[in-house]
Each structure stands twice: as C-alpha cells, then as structure tokens.
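Q: In the order they appear, the protein sequences are chains A and B. Numbering-wise, the first sequence is residues 21 to 343 according to the numbering used here. Numbering-wise, the second sequence is residues 243 to 812 according to the numbering used here.
Bear in mind the hints are in silico, worked out from the structure with no lab data behind them. Every clue listed holds true.
If you want the footprint, here are the derived chain B segments under chain A, 3+ residues with CB under 8 Å: (1) 317-329; (2) 398-410.
Selected chain B positions facing chain A (in silico; Cβ < 7 Å): (3) Thr293; (4) Leu295; (5) Leu332; (6) Leu334; (7) Thr339; (8) Ser340; (9) Leu341; (10) Ser342; (11) Val344; (12) Ala353; (13) Thr354; (14) Tyr383; (15) Phe385.
Restraint ranges, calculated between C-beta atoms of paired labels, are given here: (16) Ser381(B) to Gly233(A): 26 to 34 Å; (17) Asp404(B) to Phe158(A): 33 to 41 Å; (18) Ser381(B) to Ile99(A): 46 to 54 Å.
Every residue, glycine too, gets a C-beta built ideally from N, C-alpha and C.
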Amino acid sequence: MASRLGRGTLGRFVMVRLAATVVLLLALSFVVFALLYLAPGDPARNLLGPRNPSPELLAAIRAEYHLDDPFVTQYVRWIGDVVRGDLGTSIRSEIAVTSLLADRVVLTAELAIMAFVITLVVAVPLGVRAAWRAGSVFDRTVSLASIVGVGAPSYAVGLLLLYLLGVRFQLFPVYGIGDGGLDQLWHLVLPAVTLAIGIGALVFKLTRTAVLGELEQDYVAFARARGLSEGAVRRLVLRNALIPVVTSGGLVFAFLFGGTILVEVTFALPGIGGLLAGSVTFKDIPVVQAITLLTATVIALTALAVDIVTYTIDPRVRARGLR
Amino acid sequence: MNPVLEVSGLWVIGPNGPIVSHADLAVEPGRTLAIVGESGSGKSMTAKALTGLLPSGVHAEGTVAVDGTSLDLAGGARALAAVRGRRVSLLLQNPFTSLSPVHRCGPQIAATLAVARDEVDDEVRRRLAEVDLPERVASMYPFELSGGMRQRVALAASLASDPLVLIGDEPTTALDVTTQREVLDLVARLQRERGMAFVLITHDLGVARERADEVLVMYAGRLVERGPTAELLGTPRHPYTAGLRDSDPPLVERLERLPSIPGSVPRAWEHPAGCVFAPRCERADERCRVDEPTLGGTDADGIRAWACWHPLDDRAAGVVVVTRTSPTDEGAPTRPLVTVGGARRRFRHDAPPALDDVSIVVGAGEAVGVVGESGSGKTTLARCLLGLERLDEGTIEWAADRPRATRAQIVFQDPSSALNPAMTIGAALGEALRAGGQDPSAVPRLLELVGLPVPYAKRRPRALSGGEQQRVAIARAVAPRPDVLVCDEPVSSLDVSVQAQILNLLNELRRELGLALLLITHDLAVARQVVDRVYVMHRGRVVESGAMDRLVAAPQHEYTQRLFASVAGR
Ligand SMILES: Nc1ncnc2c1ncn2[C@@H]1O[C@H](COP(=O)(O)OP(=O)(O)OP(=O)(O)O)[C@@H](O)[C@H]1O
Ligand code: SF4
Ligand SMILES: [Mg+2]
Numbered sequence: 021m022a023s024r025l026g027r028g029t030l031g032r033f034v035m036v037r038l039a040a041t042v043v044l045l046l047a048l049s050f051v052v053f054a055l056l057y058l059a060p061g062d063p064a065r066n067l068l069g070p071r072n073p074s075p076e077l078l079a080a081i082r083a084e085y086h087l088d089d090p091f092v093t094q095y096v097r098w099i100g101d102v103v104r105g106d107l108g109t110s111i112r113s114e115i116a117v118t119s120l121l122a123d124r125v126v127l128t129a130e131l132a133i134m135a136f137v138i139t140l141v142v143a144v145p146l147g148v149r150a151a152w153r154a155g156s157v158f159d160r161t162v163s164l165a166s167i168v169g170v171g172a173p174s175y176a177v178g179l180l181l182l183y184l185l186g187v188r189f190q191l192f193p194v195y196g197i198g199d200g201g202l203d204q205l206w207h208l209v210l211p212a213v214t215l216a217i218g219i220g221a222l223v224f225k226l227t228r229t230a231v232l233g234e235l236e237q238d239y240v241a242f243a244r245a246r247g248l249s250e251g252a253v254r255r256l257v258l259r260n261a262l263i264p265v266v267t268s269g270g271l272v273f274a275f276l277f278g279g280t281i282l283v284e285v286t287f288a289l290p291g292i293g294g295l296l297a298g299s300v301t302f303k304d305i306p307v308v309q310a311i312t313l314l315t316a317t318v319i320a321l322t323a324l325a326v327d328i329v330t331y332t333i334d335p336r337v338r339a340r341g342l343r
Numbered sequence: 243m244n245p246v247l248e249v250s251g252l253w254v255i256g257p258n259g260p261i262v263s264h265a266d267l268a269v270e271p272g273r274t275l276a277i278v279g280e281s282g283s284g285k286s287m288t289a290k291a292l293t294g295l296l297p298s299g300v301h302a303e304g305t306v307a308v309d310g311t312s313l314d315l316a317g318g319a320r321a322l323a324a325v326r327g328r329r330v331s332l333l334l335q336n337p338f339t340s341l342s343p344v345h346r347c348g349p350q351i352a353a354t355l356a357v358a359r360d361e362v363d364d365e366v367r368r369r370l371a372e373v374d375l376p377e378r379v380a381s382m383y384p385f386e387l388s389g390g391m392r393q394r395v396a397l398a399a400s401l402a403s404d405p406l407v408l409i410g411d412e413p414t415t416a417l418d419v420t421t422q423r424e425v426l427d428l429v430a431r432l433q434r435e436r437g438m439a440f441v442l443i444t445h446d447l448g449v450a451r452e453r454a455d456e457v458l459v460m461y462a463g464r465l466v467e468r469g470p471t472a473e474l475l476g477t478p479r480h481p482y483t484a485g486l487r488d489s490d491p492p493l494v495e496r497l498e499r500l501p502s503i504p505g506s507v508p509r510a511w512e513h514p515a516g517c518v519f520a521p522r523c524e525r526a527d528e529r530c531r532v533d534e535p536t537l538g539g540t541d542a543d544g545i546r547a548w549a550c551w552h553p554l555d556d557r558a559a560g561v562v563v564v565t566r567t568s569p570t571d572e573g574a575p576t577r578p579l580v581t582v583g584g585a586r587r588r589f590r591h592d593a594p595p596a597l598d599d600v601s602i603v604v605g606a607g608e609a610v611g612v613v614g615e616s617g618s619g620k621t622t623l624a625r626c627l628l629g630l631e632r633l634d635e636g637t638i639e640w641a642a643d644r645p646r647a648t649r650a651q652i653v654f655q656d657p658s659s660a661l662n663p664a665m666t667i668g669a670a671l672g673e674a675l676r677a678g679g680q681d682p683s684a685v686p687r688l689l690e691l692v693g694l695p696v697p698y699a700k701r702r703p704r705a706l707s708g709g710e711q712q713r714v715a716i717a718r719a720v721a722p723r724p725d726v727l728v729c730d731e732p733v734s735s736l737d738v739s740v741q742a743q744i745l746n747l748l749n750e751l752r753r754e755l756g757l758a759l760l761l762i763t764h765d766l767a768v769a770r771q772v773v774d775r776v777y778v779m780h781r782g783r784v785v786e787s788g789a790m791d792r793l794v795a796a797p798q799h800e801y802t803q804r805l806f807a808s809v810a811g812r
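For reference, chain B alone in the conformation it holds in the complex (with noise of 0.2 Å):
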C-alpha cells in the first residue's frame, strides 16, 4: 500500500540551530507509527513542522506528501493550510487546555464539520456518539468535563473534518493510566473504522509497544533507529533504543539494579561532530567521535534501519543480565516508625474529601508505596505525615521522639522549583545539613553519596540538569539524616533513562544510610521497582495494601484490578 503521508528530507531549524535534522518517515492508511524519543529530542517540532504550527524564529525545510499532493514544508502555515485539519489532524496533549475554556463543546466540534447548517445538530450528537460520549456533552463547556472526557471532545473536533492522517503529541500523557488505555481503544477502533493512519508521539515505550505498528526512535533531533515495533524493541541495533528499553522498569518483577544510561539528554544543537550518542555510548570508539553515522545500516529486507557505526547483534541485544530480588512478605512491620491512624481531611465541602479513614504503618528502614491516580490523595498524605499539612481528624504517631528535621524528608517532582535559583549547590547542602544538627563540612561526602562531582558545589540549580537537580533535592533531604525520607512522584518530570538512575539511587541510599522510604507514585512500574509493601489509594481511601510482590501477581480489590490492567505494554 502507498504511503497516506510521507515526509522527506525534514529539517527544523531554530535560533540556535537545528533541532531536527534529516528525518524521513511514512506511514500507511490505517496504520500506526509511533514515534517514540525522551524530551527535547524533537518529537513535537517534528509535529509542529507538518502542521505549519512552529513557534516564531523556527521554519521547517523538506516535502511532505499527502495523498499524493507534495507540499514543500519551507512554505509554513500558508503552503499547509490545504491539508491541515482536511487531511491530517493533530491532538495535543492536555485535555484541559486544548479547548477553548468559554466556549460549549458542540459549537468547537462543529467548527470543522462540512455539513449543511440545519444539519450540524445531529452531525455534532453523531460524532459525540462516535467517541463514546452523551448528546448533552454538545450542550456542556470543557471545565464540566473529566479529563478523559474533554480528550474525547478535543477526538472528535480533531476527526470533525475527517483527516486522513491524525498525528497525537503525547495524547494520553496527561491522563491516568486507566483512562489512557480507554482513549488509545478508542483512536485504535476510529481508526479501523475510518481506515486513518496514526502518528502517535510519545515518550512512553510501553504505549508505542502496544499501539504501533512501527517505531522511530529520536534522539537528540535525529533519527536513530526504524523498525517494526516488535523486532525493533526485541532485538534493538542502536545501543540508544536498546538502553532505553531496558532503562523502562518492568512491572512484572524488580530488578536488583535497573539497567540505566549514564549522562542525561542534550539539546539538539549542543553536540560537537560524530554520533550525537557518543558520550553516553559504552560502545563509542574514535570513529564515532569524528563521523556521524546516518540513518543507513539495513538488513536484509531493508525495513529496519539504525544510525550507528557499531550496532548491536542478535545476542548482545537480546541479552540483559537481571538478578531478581527475593519476594517480601506480607503484612505489619515489626517496628513502626510512624503510624497514621484515621485520618481525614477534606478541603471543600461540595468536593469528596482528600483523605477518607486512611491508617498507613510505614517501619524503620522499610520501603512503602502509596500509589494510586491523580486526585486520588497521596500527595496530602505525604503533606500531613511532613506536617505540612493539618488533619481534620486523625493521629499520626511516630515511635521516637526527635526534632522534625530528624523524622522525615521530602522531595518534591519538579526540583527545578523546589532549588533555590541563587543558591550554590554547596550553600544549600550546607544548609541543610547544618539543620540537621549535622557537620557542614560534609558537603562533598554527600555530593559523592548521590553520584555527583565534588566540583558541583560551586554550581547553582540551573547549570544542572533536571535528574541533576533531583540528585541534589536527594541529597539535601537526606543531610539531616531524616529516619525516613518521603518521595512525592520523585521522577516524573524525568527522562526515562535518567528515571533509572534515580530508582537505583534511591534504593542504593536506603541500603547505604538504613533509612525509610515512602515513595508517592501514579506509576505502577516505578513503585515496583523501589518498594516492599504498597497501599492503593482511590478517592481518598486506602482500597488495598500488602506485599507489592503479591498485588502485582493476584490483586484482590477491582480497582486495583483495573489499575494493575492498564498499565501499558507489559
């Protein structure tokens, strides 16, 4: 079958250079092609560039055809405006933001219908029917809606003037696992029915493995592996999609240390000559510092191909050596450290309360999960136990009587804003270590206990990156030698691969340093990978607990059942 869209020779060019360089792809009607890549590697220019959407001071380069109809890509907004919408559509990937606030939902689908005036009525009920949504939603403004809802609107208002291909950045990103896996049935079966091709761009393996039928992996504006999504996540050429796959955590079992990536992502345009992997690459010789490799290697039937001087055979790729913990078992700790008994509270009274009769044990030196969806409680859990937070009702205990610095810790999701911009990075150990009751001159121990230079401590937050930034947050919350250190979603402002570093950290710390963990997590996998005993939260409410080993393999509760069951592409 032809090709529906197929791009050649696509450049992104921004201020400081170019942020995608040479990208071919295709995709055939009724299939889907993920294009899978961690942030900054230029998933969304590269969907920005086929829609004419690029922000100003960025211009494409390249062809892309539809249809049969070739378009130049340097023309912009102007020379695409006769596909977009028409024939290829695109959905973001905030459902609370992509529509507009003041308007109802069925005026915004029928912006786009081609239908007759007296017609748009029942057009509009027909297309709310096709996504699975009521007629009186037509009637209803986004604001009104769940998140899982409004995506289905801004699905319908994307398919309203019937595209041959839909591109989605990241469209279920923002949405909870469970309503994640609802959307993407969704796209999956308008696709069959309407014979559409899906560009679907993601930073998730999981949803590219289950969704795709082939795969393009970015790095650092460059393609640098294609292949069906099977082989290519089976038995990967480019050392990159290979240490990418293996940095993702498996939900089915815990691995003694996750295989990571050292370094972090770099910009697109900071890159000296040769292989943009190079310095994160254990394979990287002379050669691949000095040539680039192209998107040339093949095999046999020339449907997969890598940018890589040395690629990976069968073996090597195929082989990851794993230890396996052993199973923990069920039930209370034998010494408590602190006890939450009862505890409610709730912040408005027309809303159902935040935290619902919830009693949490977490034990000295033990790993706990609380993991559960968004708005579910976790994160006012972990605010009362800081006592950052007051209960309505409800005890918390704690076994020993130390200062407040001593007890518990935090770290928060984005450690950009939970640094001090002005602050050296050693000011701020210090700080924190001196709270502690603790020697300030610790600074480097302690810069070394979390796998930083000792040289960092004359930095300030913004020269590091983000998994830098969160190994500092780590190491300021661990100086006061806390007895237990609560985790708020510790990694999900990460790239995959630095998000295995940090689990490895985190589990490395609570060996080293014999100190209690409380990870707040919505993912599953994450969780997994880090703690011993989990409770699921939803709504407020602690619906089941135990052993993390046994939820994984036979949970009791039906929602956690369902929560177990969504998590994609394991």
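Pulled out of the complex, with its shape left as it was, chain A reads as follows (with noise of 0.2 Å):
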C-alpha cells in the first residue's frame, strides 16, 4: 500500500487540478462577459458611458463590439481576446484596461501579500499559545481582542491607525505610496496593518480552534502516557493542525484580495480596490469585467494551491489520490 504513496502522483494530481481550474475559470468568465447584458440598459449605450450618442455612434459600437452577432459568437471572441491579453478599452478613461491594470495590480499584490505576512507572523503563533493555555488570561485577553478585530470595520480601524500613527506620533506616512522601492513599502505599512487586523483576528480563531482540536484527540493523551516530551508532543500536535490551518489560510488570501478595496480608499493608494470603485460607479463595464476576472483567478489559483499543499503535507489526502 504504501507504494502508492510514491512521488509520481503529486504530478498527475496538479495536472488534473489544475485542468479543473481551467474549466472553472472558463466558466465563471461566461458569467462575467454575460455582465454587460445583465448590467441594466441598453449594451451599447452602456459602452458609451453617460454621453448623449447620435444613432451612428450606437451603430458603430454596435459594429465595433459585434453586438448583433449571437450571443456565444460574441463570447468566445472577446475569451479569445481576453486569453490574447486585450480586456479591451477603459469607458472612462479611453485606455486599454491592461495597462490600466498594470501598475495597480502590482499595489494590491504588495498590499495583499504584506498583510498576509503579518497576519501569519502575529496570528499564527498567537492561535498556538492561545490554545496551549486555553482558558489562562493570555488566551482570554487575545480572544477579546480578536473579537473586537474581526468586528471592527476596516476603513474604522484604519482611520484610528491613521491618526495615531500617522497624524499624532507620525511614525508612517498618511497618504499615497511614496517614491517607490522600500519608500512604497513603507508607505504601505499601515495600510496592511489595517487589513491584517480583521484578517488576523480570524486566522487567530481558526488556530487557536484548530490546535485545541487537536489537544483534544486520543493521540496527544497516548503521547504524553508514553512519556514525550511536552515540546514532542508539541511537535506533534502542530503538524496536525497545519493542515486545517492551511486550508482556512488559503481562503483568508483570497479574500485579502478582495477586502484590499476599503483599505486601499481609506488611504488613498491607486490599486486594484481604487480603480474597481470608480468603475463600478462610472459603469465601467470592461474594467469592471477584467477586474472580477482577475480577482476569480487569484482566488481560484489559490484554492489551487491550498488543495497541492494540503496533498503535501496530508497523507490521508495523498492516498485517496484522485477521485
């Protein structure tokens, strides 16, 4: 049996994983091209944006866009485009939404990722030793504290940041993203510290559950009947709860993602977050259509690479295998 544990199969299993993403993604695309038709009014006036179009500017968008051509026709042109790099033309701002993607994605991505390690650098260890003491006033001061975390509205908490740190201590800047490099960075401390607060507080809970679940099995008694050591079963007890906390911590990614938007107006900085709350406003439907799109497939690379670690580091998941 334990030979068909071997190594061969971790390809095979992200191959078919991944051909499922693919699927996925090519689905949820229909929902998002089918945004046009489904956002209220006319398609064509709607790429237009709010000017007043004489009946031959309809025409020619209706020309320019394939309008009138069917329905799926017009789909697998623009998944065509889509795969090829063009999301198409800004309403708003007469830019290809690419380039106008660009830059920010690279913001929202720092943002994202920095706010994800210090979730995993504060939370993580806390949820532990939360656990490992349940019950003792550490444990009890830091669950009250991730209560009012998971709470408390993020623009809330950043404003407060803002104006301790910012305003009256003045240890980080208030506003924009400085002059790039380690300036940026810096500029984006606090921001992510906003997001890593709501976010941190619920990864907290999920170790902190997820380790006394732990301490509560048969084995973690068996091992200290035996005589392990407390840092032994330690040890083992960590690996096992690595494995839900995996999985919880992929969704928290994802949803970073797209929790970076509140943050990112509350302080001002041009990222993915900024520009989705203009479009939306402006019905900047191709902006609007790349943006969920990219945000669909951040959360479903995600998911992809939770379900390759969690094949990893969980030989129960490895021998089922595929099913």
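Combine both chains into one complex, guided by the hints.
A: As structure tokens, this is what we get:
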C-alpha cells in the first residue's frame, strides 16, 4: 500500500486540479462576459458611457463590439481576446484596460501579500499559544481582542491607525505610495496592518480552534501517557493542526485580495480597489469585467495552491488521491 | 513479591463531587489486575489519575508508589512526569484515534526509545517484530493499517520505554472478537517475557475472567469487591458482583430469562447516604440506606474484600435458577414473511462488496440473527430490508402486501440519536401509533408494554437513562404493529446489567405480539439469548446458517469456528 503514495502521483494530481481550475475559470468568464448584458440598459449605450449618443455612433459601437452577433459568438471572440491579453478599452479613460491594470495590480498584490505575511507571523503563533493555555489570562485577552478585530470595520481601524500612528505620532506616512521601492513598501505598512487586523483576528481564531481540536485528540493523551516531552507533543500537534490552518489560510488570502478595496480608498492608494470603486460608479463595464476576472483567477489559483499543499502535507489525502 | 504499583487512598474529584472515592489497589510484577465495572463507574478516571492525564476541572488525591518510589497524586502531570511512560504506560481503547494520523508508525514508536540515533531504525524493527508486525509497517501511516495492526503499533509505542506497568483502558473493546483475542494473547506473552504488570480495565467480564489474576469491581466510583478471579466470579460476595456476573449472557446455553439488575447505573456523585448500590439491591435494609459500607469485610486469609453489610454466602451466590429453552429445529421456516434472494450491494469499486449474493428468509413470528464482525455487511442488509438502501442486484419479497410501516420497523444501536430531543416521549409514541393507523391514545399501554412508568410520557429523552431511551425506541418501533422488528446492535451501547433487561424485553415482546425479530449483532452471546436461527456473515457473504443450537455445538465453516472460539471467558 505504501508504494501507492509515491512521488509520481503529485504531478498527476497537479495536472488534474489545474485542468479543473481552467474549466472553472472558463465558466466564470462566461458569467463575467454576461455582465455586459446583465447591467441595466442597452449594452451599446452602456459601452458609450454617459455621453448622449447619436444613432450613427450607436451603430458604430454595435459594429465595433459585434453586438448584433449571437451571444455565444461574441463570447468566443471576447474570451479569445482575453487570452491574448486584450481586455478591451476603458470607457472612462479610453485607455487599454490591460495597461490601466498593470501598475495597480502590483500595488494591490504588494499590499495583500504584506498583510498576509503580517497575519501569519502574528496570528498563527498567538493562536497556538492561546490554545495551549486555553482559559489563561493570555488566552482570554487575545481572544477578546480578536473579537474586536473581527467586528471592527476596516475603514474605522484604518482611520484610527492613521490618526494615531500617522498624524499624532508621525511614525508612518499617511497618504499615497511614496517614491517607489522601499519608500513604497514603507507607505504600505499602515494599510497592510489595517487589513491584517481583521483577517488576523480570523486566522487567530481558526488557529486556536484547530490546535484546541487537536489537543483533545486521543493521540495527544496517548503521547503524554507514553512519556513524550511537552516539546515533542507540541510538534505532533502542530503538524496535525497545520492542515486546517493551511486550508483556511488560503481562503483568507483570497479574501484579502478582495478586502483591499476599502483600505485602498481609505489610504488613497492607486490599487485595483480604488479603480474598481470608480469604475462601478461610472459603469465602466470593461474594467469591471477585467477586475472581476482577475479576482476570480486569484481565488481559483489560491484554491489550487491550497489543494497542492494539502496534498503534500496530509498523507490521508495523498492516499485517497484523485477521485 | 512486593507490588510494583501500589495506590493508596485514591480520590478523583470533579466539579460535581467525587468521581472515585477512596480506592486502594496493588499489582505485582508479571501479574494482571482487572478493573471491571459498567459505564461511569470511574475506571478510566482511575487510569487517567495514575498517568496524570485528568481533564481540567478534575483532580486527584492519594499516593502512588511505583517500584518503591512514592509520589503524591495531587501533583498531577508534573509529579508523575518521573514515572509516566518510563515506568507506567497507558494503552487506550481506540486504535483508530490513538496514533497521530499524519506521522508514520516508525517515528511514533521511536519517540520514546532510549537508544542512540543510529540504532533507532534497528530498534524500531525489533520492536515491530516483538508485536508480530513486519518491518514495512515502520514507513506506513496508521490509516493504512487494520484496527488490530494499529493496536499492535500502539502497543509497541506504549512499550518503547520499557515500562514496568502497562495500564490498558478497554484496550480491545473497539476490536473484533477474533482480533481481540490475538491482541490479548500478545500482551500476555510480552508480560511473561518482560515480567511486566498489566492493569486491564474492561467492562467485559468474560475478558477479565480469562485474563486476570485478580479482579477489582467498581460501581459508581467505589470499589465494591476485590479478589482472585476464579473465587470472585465463582462465589461473589457483593450482590452487585453477582448481578453483573449473572446478567452477562452465556454462549453455551439459552436462558428462558436472563437474570438482570433492576434500574440503571447512577452517576458517582448522584447518590444519597448509605450504600451506593442500595437503590438496586434486593438485600438492602434500613442500615444499608444510612451507613455506607467500606471495603472492610474480608475472608479468613484477607485476600478477598467486599463493601457490603449483608454479603452473599457461598450457597446463595452459587445458585442461579435458570430454565433452559427447548432446542429449536434446523431449516427454513414454514411460513416465510420476507425472503431476500441473491442480494448484492457495492459502495465503492475499489472496496469489496458490502453484500455479496446474500439470501435470507425470516418466517412469521420467528427470531433470526445476523452475526458477524465489523464491516461484514450486517447493517447494509438491514437497511436494504427496510428500504433505506437500494440493492444493486437481487430481490426482496414480502409475503403480505401491507403498507411499509407495518411490514418492518427498526431499532438502532444509539437510542439517544434515534429519538427527537425536542419531542416528549408521549408525542413521539403517539406519532408512531398514527403512522401505523393505530389509536394514538394507546400510549400508556405501549409504555407499560416496554416496562416504563406511564408518567414518562411527559418527559423528554434527555431525562431518561440509556436503557430507558432504548425501551422508548423499541416502543416506538412496535407501535405500528409491524410484522418484523429489525434490531441493529440494540444493546451494544448499553451496560451489561441493562443489556439483560432489554434482551428479556425483546423476548417478551416477541411472545406477546407474535412479532418476528431480525437481530443484528456482533455479540454471539447476545444472539444466543434471543434467536432461533442465525446467519453468519463474513465480508459481505453468508458463510453459514442454521439453528443457533447447532452452530454453538458444532460450527462447520472455518470462519464460524474461529468466531465462536474467540468469545472470551467461556
Ligand atoms: N453509505 C455508505 N457509503 C459507503 N460505504 C458504506 C456505506 N454503508 C456501509 N458502507 C460500507 O459497507 C461495508 C459494510 O457495512 P455495514 O455497516 O453494513 O457493516 P456492519 O457489519 O454492520 O459493520 P459494524 O459492525 O461496524 O456496524 C463497510 O465496509 C462499510 O464501510
Ligand atoms: S450494603 Fe446493603 S444495599 Fe449495599 S450491596 Fe450490601 S446488601 Fe445491598
Ligand atoms: Mg453495523
């Protein structure tokens, strides 16, 4: 039976999961494309924005976007363009959506990753420690703080941080993205912390619950009864608790990517979030489509990454393999 | 010989009061001490107190001396760190959860080995060989092994630090009978080789009878009797020991009525002054209800002790009047009620079928058993019969064309999950009566039929003991007047003394209502007390069938022989 757990199967596992991800994204892209039609009003008018169109202009738009073709034909053309990197032109700014997104994606990704790292480095160890000393003053204090962290709206936390650390003590810049490089990272610290607080509270709770759940398992009692040192017991528990933490950690990252919007607005950062907020108000459909598609792709790829990590760290999943 | 483990004045105290009260115990090197008792009697808490594993909110008092070193039990895990693992080790009940699922077996055994780093692999191999496992198990994960193999790995892990005392908390209860015997034989061999003492905690009197040199009987947190195994079980002095022994169903013969202890096991802290057993004791008098007896009464040589004001004497204890039923005949019933032919069911393509060409007949008013080990397909068969599961192939023919509710009803293993906690007993039974087109006002009669007080109709399931809940579940099942009552492990979650009551009830109902019974059980002795005819299942097939009397006396199939030979203590 052990031989079934060989290395060769990881490659296959990744291929199959990747294929499933592509199928999922195609289905999503179909829905995204349909946005054009789901938005109220005539698609041609929507594409023109709030200008008052002449009948000739409308006809020109219809021709340019092939709006009179059957829906499926339009979709196939659109997805073909998307795959080639052409996401259309922004209605508001009249530049290609791809170049509009390019810088902003980097900023948003930096922000999300920074917040994610802060979350992991702080929340996971706190969660482990709180579970290990469940009921102690430490546990109760951090648990209470996490309830506040989950409940507090991120813009409120952001404003508070801005006021305290930015304005009052002037430790961090309060506005914008700085001059690139390290200065940009420095500018992102406060927004990242703001994001990390809500998410971190969630990850803390997840970690605490996972470790507590493992601590109640028979194998922990059995390990102690056999005289394993507390350090050895801890390693045993953490290795087991890692599995639920990784699974939920991935979801949290995907959620983070979406959660940047409010924070970007609060800190006036030119990221995806700011762009989306403006584009929705303006009914800039090609941009909204592009951002939705991008977010969906990030989420799907994160889920894929979680699956692959779970596959490598959980022998039971490995044995079950592909079904 | 001096005891290697000696516990004196052990108390285990929980948030609601004492869980174990004043227990003393001792075991000598190489010997086996069994602690027997029903659920809630405090057996596991005793084991946990001795290994410093008590849950939070529970603490212990008293002292334990291991190999001459005396330790204060009140110190908990910290005080016991010196002996835990190294001198006293624990083996748990469930081999499916007692090993870490994401670590390979080898490192789990190696964790407490006291050898140099480069000798670990060789030593693990030697330890695996000691428990009769091949070398390759070291690199396997627990989920890749069967229950019996896992328990061997757990045993090797327990013994890695070469303890002087092994405490086994129901170490084989989760295993099938055939595997159970193998594991206990293995422990006995290792005990001989290592001179290790074994504290065997079990609810199974048969296991204690077969394996222990000495037995301690616990009831509601008290030690009620102590003595060498054969004497204690041969001539019990304490009425509870006698009751426990007599309610344990025999395999060799079928009793007209199993002796049982009335009532149910109380919680340790829920008892008034006096003897804990008084509410269930036939010999109880005024003194018993006021003064609590201690484990003081001893016989001449002081080896036996009991906590009772009116102990049984030799004669009274030895005599249990039993009426044996007349032997039943072999062969198919004259009036078939339901016939299953060539049934096949497979859940997964990579697993063997749950049902593989199974044919059975149940006649009107007949009691039929389906016995077999875990995973043999018994439950699947029952579910198919009830129409809860479909067959891939095969037929189920009912002789009478009646509505489904009046054809067959089922009683499950766990009564607490089978009853709706929000519904009163009366409402649940009324609903069942209506389902079978009966008069819903018959609830009181139904309660009387299953031996429950009529006012119970107003209660909710939570206010009933496990045995009482199972009576309600049975009442609900017989309410629509079904032709056949299917019971899937109806007593396996119940205490022995309560199990006997339920088995008697099933026999009575069958006589009074003319019901047919289909009893599904892994416990041959339980089947023996209820059924006339039996089907033995193994890996989805019926390997042998016939009159129970015949199978007990002369099993034909190799598997049936092994199954019957594995039953402990008979
Ligand atoms: N719904 C289901 N889905 C998948 N497999 C199932 C299902 N029900 C039963 N099985 C499988 O079918 C086989 C026989 O199961 P069944 O429960 O009938 O056995 P059993 O003899 O009653 O076991 P036990 O004594 O443990 O209750 C087992 O391998 C079980 O895992
Ligand atoms: S002391 Fe009395 S009540 Fe208790 S077991 Fe003995 S006879 Fe029964
Ligand atoms: Mg079953």
